[in-house]
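Number of protein chains: 4
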Amino acid sequence: MEDMLVWGRQVLASQPFSMLLGAELLAFSEGSAELKVPIRPELKQQHGFAHGGVVSYAADNAITYAGGSVLGPAVVTSEFKINYVRPAIGEFIVARAAVVHAGKSQAVCRCEVHASSDGKESLCAVAQGTIARLGQSSGSQ
Amino acid sequence: MEDMLVWGRQVLASQPFSMLLGAELLAFSEGSAELKVPIRPELKQQHGFAHGGVVSYAADNAITYAGGSVLGPAVVTSEFKINYVRPAIGEFIVARAAVVHAGKSQAVCRCEVHASSDGKESLCAVAQGTIARLGQSSGSQ
Amino acid sequence: MEDMLVWGRQVLASQPFSMLLGAELLAFSEGSAELKVPIRPELKQQHGFAHGGVVSYAADNAITYAGGSVLGPAVVTSEFKINYVRPAIGEFIVARAAVVHAGKSQAVCRCEVHASSDGKESLCAVAQGTIARLGQSSGSQ
Amino acid sequence: MEDMLVWGRQVLASQPFSMLLGAELLAFSEGSAELKVPIRPELKQQHGFAHGGVVSYAADNAITYAGGSVLGPAVVTSEFKINYVRPAIGEFIVARAAVVHAGKSQAVCRCEVHASSDGKESLCAVAQGTIARLGQSSGSQ
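Chains as they are written, first to last, in my numbering: chain A, 1 to 141; chain B, 142 to 282; chain C, 283 to 423; chain D, 424 to 564.
Hints are computed from structural coordinates only; laboratory data are not their basis.
Bear in mind that the values here come from a model prediction, so they are computed numbers and not experimental data.
No false leads were mixed into what you were given.
Across the chosen pairs, the derived CB separations fall in these ranges:
| no. | chain 1 | residue 1 | chain 2 | residue 2 | range |
| --- | --- | --- | --- | --- | --- |
| 1 | C | LEU416 | B | LEU264 | 28 to 38 Å |
| 2 | C | ALA295 | D | GLU447 | 28 to 38 Å |
| 3 | B | ARG181 | D | GLU447 | 48 to 58 Å |
| 4 | B | PRO179 | C | ALA295 | 53 to 63 Å |
| 5 | D | ALA436 | B | SER155 | 49 to 59 Å |
| 6 | D | GLU447 | A | LYS120 | 52 to 62 Å |
| 7 | D | GLU465 | A | GLY22 | 51 to 61 Å |
| 8 | A | GLY31 | C | MET301 | 36 to 46 Å |
| 9 | B | ALA239 | C | ALA356 | 24 to 34 Å |
| 10 | D | ALA450 | B | GLY172 | 22 to 32 Å |
| 11 | C | MET301 | B | MET160 | 48 to 58 Å |
| 12 | C | MET301 | D | ALA436 | 18 to 28 Å |
| 13 | B | PRO179 | D | ALA436 | 50 to 60 Å |
| 14 | D | ALA436 | B | GLU171 | 41 to 51 Å |
Think of the CB as a built atom: it goes at the ideal place given N, C-alpha and C, for glycine as much as any other residue.
If we strip away everything but chain A, and leave its shape as in the complex, we get (with noise of 0.2 Å):
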């Protein structure tokens, strides 16, 4: 639903953090969203490639989102697992959240997050993790 993309990227742009690194929601919809942030220089490791760090981010920022699709605005990360599979190399990754199961508390969500360069992606990281509804959980983001 287009109106549900507007309201998420007016979430993103409240953001501080995802502003700074360059966050974009790309699609937004029940049960998924996908999160794209550019490789920008200041975003990489030493190696040249985007920083871990960056690609977490996406990872974490996107299943909130799947989650906060089926839960409601007011969520957080609870916590979550990422195995880095592939150094980020290219101009942009982009995360891809769904839900697995919804309670009424809480999602748990699954992530891949792709590097893109020249037009071809190649999978960089796999997140799973458990969104809450704020004032269910312990979470912080």
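Position chains B, C and D relative to chain A; hints supplied.
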């Protein structure tokens, strides 16, 4: 060892993303590392706390340092898991990581992230992960 | 390949714990594995569901098989993470694991565990973890 | 408190799977729990070590007890993550779990699993996870 801290700070200074975030290496010795990130306005989310991505960056990078202290400089985080337990409110966060077990090519590390406000610390996240020697794994960072 | 399934079943039969639990390897091919565990009374917890330890055993062993299908027979689970999403109620659980990314010495795998009751499956857990070639890591199993 | 240990042992005795594995609750007090599992032949894998599923059972159940010590008896493990660091060789394993942070409906706990051989302990796994009050989450166990 003072030399080790000097070397660690040079590595940190070579990571553009760590510089963007304003990270500082407070301590670095065999088996442990301590990383501080001031909670500047641009590192916050919409509720005024440090963004979860900043907290997970600190945890991830601190365990990479802890692992690197026993495995050598060419290491990456293969994977990690983080539980956020409280909003990160205050002037800065500090991530303290320690090696739990080190093998030849990998080390398992744990980390606690505290937020410091008016000189008082409160735990905001705990993490656990695997650091691998480059060329031995499939990680990125 | 039929030979692969035969070999996989021989490995399972050589694991006393898998035999104690009554595990069966339903499918085993390059990049994936499917493991079934009947929910016998002695595998339950106090509320009548399959114990979480049975569900995590199935997830852990299924990802070990999936990883072994691409890395060779001498593999161990280095680490994994599991989210329980529903009680495991029914006649049996089935864990389906697939390789997400394989390097030379490690593979990252994901798994879904479903409970089957009266022919109807429901998701009860999702897992993600790292499988390593023996001698390359510090894992056990 | 002695009463707490007595109650904890009654709960364990009501779990058929824990009885099948021969688990014993060694200690149980506010914020911590200690669970022992003798490494009987039927709990091994093909190399003669305790199966990873036994190690993860012990970690999972120990953190459930630790969480239950502060949240009350009706709790489940929502999720956990485990890193295996050494083969579990010896006469028994012991999982020691402690609460890291407790909220109203959830607690985050950590656990170390040691194998004991000829009176000498060695770390074989570390775990971290979330325990939730029943009805507050979507977990199983």
